[in-house]
Amino acid sequence: MITKAQLENARKRALEYFEKAHIVLTEKEKENIEVADFGLGELETTGLEIVTYVNTDRCCAKELVLFPGQTCPEHRHPPVEGEPGKEETFRCRWGTVYLYVPGEPTPNPHCKPPKAAPGAYTVFHEIVLKPGDQYTLPPNTLHWFQGGPEGAVVSEFSTKSRDEADIFSDPNIKRIPEYEE
Numbered sequence: 001m002i003t004k005a006q007l008e009n010a011r012k013r014a015l016e017y018f019e020k021a022h023i024v025l026t027e028k029e030k031e032n033i034e035v036a037d038f039g040l041g042e043l044e045t046t047g048l049e050i051v052t053y054v055n056t057d058r059c060c061a062k063e064l065v066l067f068p069g070q071t072c073p074e075h076r077h078p079p080v081e082g083e084p085g086k087e088e089t090f091r092c093r094w095g096t097v098y099l100y101v102p103g104e105p106t107p108n109p110h111c112k113p114p115k116a117a118p119g120a121y122t123v124f125h126e127i128v129l130k131p132g133d134q135y136t137l138p139p140n141t142l143h144w145f146q147g148g149p150e151g152a153v154v155s156e157f158s159t160k161s162r163d164e165a166d167i168f169s170d171p172n173i174k175r176i177p178e179y180e181e
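Under our numbering, the first residue of the sequence shown is numbered 1, with each subsequent residue one higher.
For the record, the hints were derived by calculation from the structure and aren't laboratory data.
Please note that the accuracy of each hint is not assured.
[Unchecked claim] In silico lysine-lysine, BS3-like type, Cα no more than 27 Å apart, as pairs:
(1) 12 to 30
(2) 174 to 30
(3) 28 to 160
(4) 160 to 115
(5) 174 to 4
(6) 4 to 130
(7) 30 to 160
(8) 174 to 62
(9) 62 to 12
Construct all of the structure, not just a fragment, from the sequences and the given hints.
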C-alpha cells in the first residue's frame, strides 16, 4: 500500500523525468499519474509510474517512468475474452531501460532482479533500449524491465490494456495499486 506522501513524492519525481524527456502532460494527466508498487511496499525497487493517454477496445497508449534500478516485475498478458492478449511495443524516450524476455540468457546482464519469491523472475534474455530504440512483445510473452542508472521514460503502444488480467510470476504481486486515504 502506498501512503499519500509516497504517492505525491513519486508523482513529483515522475514529472521531473517527463520534463527531461520533453513530454508535455496536461494538468489532469499530471494529477492522475498512477504509482504502482505492485502491493509489495518497495516502490524504489519494484514499481512503476504510469500515465495512460488512451485505452479503448482497440488500442492503448501510455508513458512509463522507471526510477534508477526500479523494476516492473515479470508478467505476461494472457488471452482475455477470446482475444490473444495484449501485444505491446516499448519505445525508449529518455535514459536506458533493460527489458528481459524469453530466449538465450544474456551472459553478463546489466541488471539483477530485486529480491523476490522463488520463481518470480525466469526470463533473462536482455534487450537494451536507449532513446529511439523500440521492441515489440507478442501477446502472452513473459517479460520484465528495469530502469538504468539514470532511470528511463518509455512510451508503450499496445492493443487494449487489461491490467487487472495480467499474470505475474510472483504470487505476491497485486497489479492494481492501493493508496492510503
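Status of each hint after checking the structure:
no.: 1; hint: 12 to 30; result: holds, 9 Å
no.: 2; hint: 174 to 30; result: holds, 23 Å
no.: 3; hint: 28 to 160; result: holds, 22 Å
no.: 4; hint: 160 to 115; result: violated, 31 Å
no.: 5; hint: 174 to 4; result: holds, 18 Å
no.: 6; hint: 4 to 130; result: violated, 32 Å
no.: 7; hint: 30 to 160; result: holds, 22 Å
no.: 8; hint: 174 to 62; result: holds, 20 Å
no.: 9; hint: 62 to 12; result: holds, 18 Å
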